[in-house]
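Visitor: Sequence:
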Amino acid sequence: MPSLPGNNSKYHHEFVIIGLGRFGTSLAMALTAYRHDVLAIDLDKKRVQQVSNTLPHVVQMDATDIDALREVGAEFFDTGVVCTGSVFEANLLATVNLRKLGVRRVISKARTVTQQEILQRVGADEVILPEHEAGVQLARRLAAINFIDFLQLGRDTGVVEIAAPDNLVGKSLVESQVRAQYGLSVIAIKRDNDVIVSPRADEVIKEDDILVVLGKIADCERIQS
1 MPSLPGNNSK YHHEFVIIGL GRFGTSLAMA LTAYRHDVLA IDLDKKRVQQ
51 VSNTLPHVVQ MDATDIDALR EVGAEFFDTG VVCTGSVFEA NLLATVNLRK
101 LGVRRVISKA RTVTQQEILQ RVGADEVILP EHEAGVQLAR RLAAINFIDF
151 LQLGRDTGVV EIAAPDNLVG KSLVESQVRA QYGLSVIAIK RDNDVIVSPR
201 ADEVIKEDDI LVVLGKIADC ERIQS
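The letter at position 123 of the sequence shown is residue 123 when you use the working numbering, and the numbering goes up by one with no holes.
What the hints contain is simulated information worked out from the structure, not anything from laboratory work.
Don't take each hint at face value.
[Unchecked claim] 27 Å max Cα-Cα, derived DSS-like pairs, lysine-lysine:
#1 171 to 190
#2 216 to 190
#3 190 to 206
#4 171 to 206
#5 216 to 171
#6 216 to 206
Use the sequences and the hints to build the structure in full.
Guide: Written out as structure tokens, the structure reads:
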């Protein structure tokens, strides 16, 4: 599947979204807005038609058919998100199919804790309960710039893990002006197998560091721009 024109970011990802209900549609649209490639799939022709003018890559097909998934190249996507409707069997089979195809990360939707446990047992890397996490929030957590992990604390605030931006590498925290310029607090640094909690102001940011920052989500995005 071709990358979107002009998107050469090393943080660019490709997602296959199976199921275009309210959750799946909001997720697909949000990921597309972040300029990631999205292939949206649904068995329902009406749902496909409803989003065909909004999403650039939409296919009507049965995701429980592994051969059909092969035909659209599902195995080449970084992440698969399975969020079909009320039929749990369809969710289960689509999850198993993505795992068989070797999709690197498989995320599935569950309606109950029991379904969550079953999906985890068949190979889902993560199982979400949509009542607890909206599609737009999941999109932000999965793919907003290069967020590695994301915990939303309030409507516009969260704790975010980000790869150290190139322009900050080699600078101390005080020199980086993360707080002054972006209003963010670096509460920890993950380095190799160690975690530096409450790092000192003179701690130098290294190339492969992961910064754990607290602040407004918009500011977390801005530091990567």
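Visitor: Sort out whether residue 190 lies within 27 Å of residue 216, counting only the CA atoms.
Guide: With a Cα-Cα distance of about 20 Å, the restraint between residue 216 and residue 190 holds, given a limit of 27 Å.
Visitor: Within a Cα-Cα threshold of 27 Å, do residue 216 and residue 171 meet the stated pairing?
Guide: Measuring from Cα to Cα gives roughly 23 Å; hence the hint holds.
Visitor: Is residue 171 within 27 Å of residue 206, Cα to Cα?
Guide: 8 Å, holds
Visitor: Do the alpha carbons of residue 216 and residue 206 lie within 27 Å of each other, as the hint requires?
Guide: 24 Å, holds
Visitor: Is the straight-line distance between the alpha-carbon of residue 190 and that of residue 206 27 Å or less?
Guide: 10 Å, holds
Visitor: Against the 27 Å threshold, does the CA-CA distance of residue 171 and residue 190 hold or violate the hint?
Guide: 16 Å, holds
When held up to the earlier numbered hints, the structure conflicts with none and fits them all.
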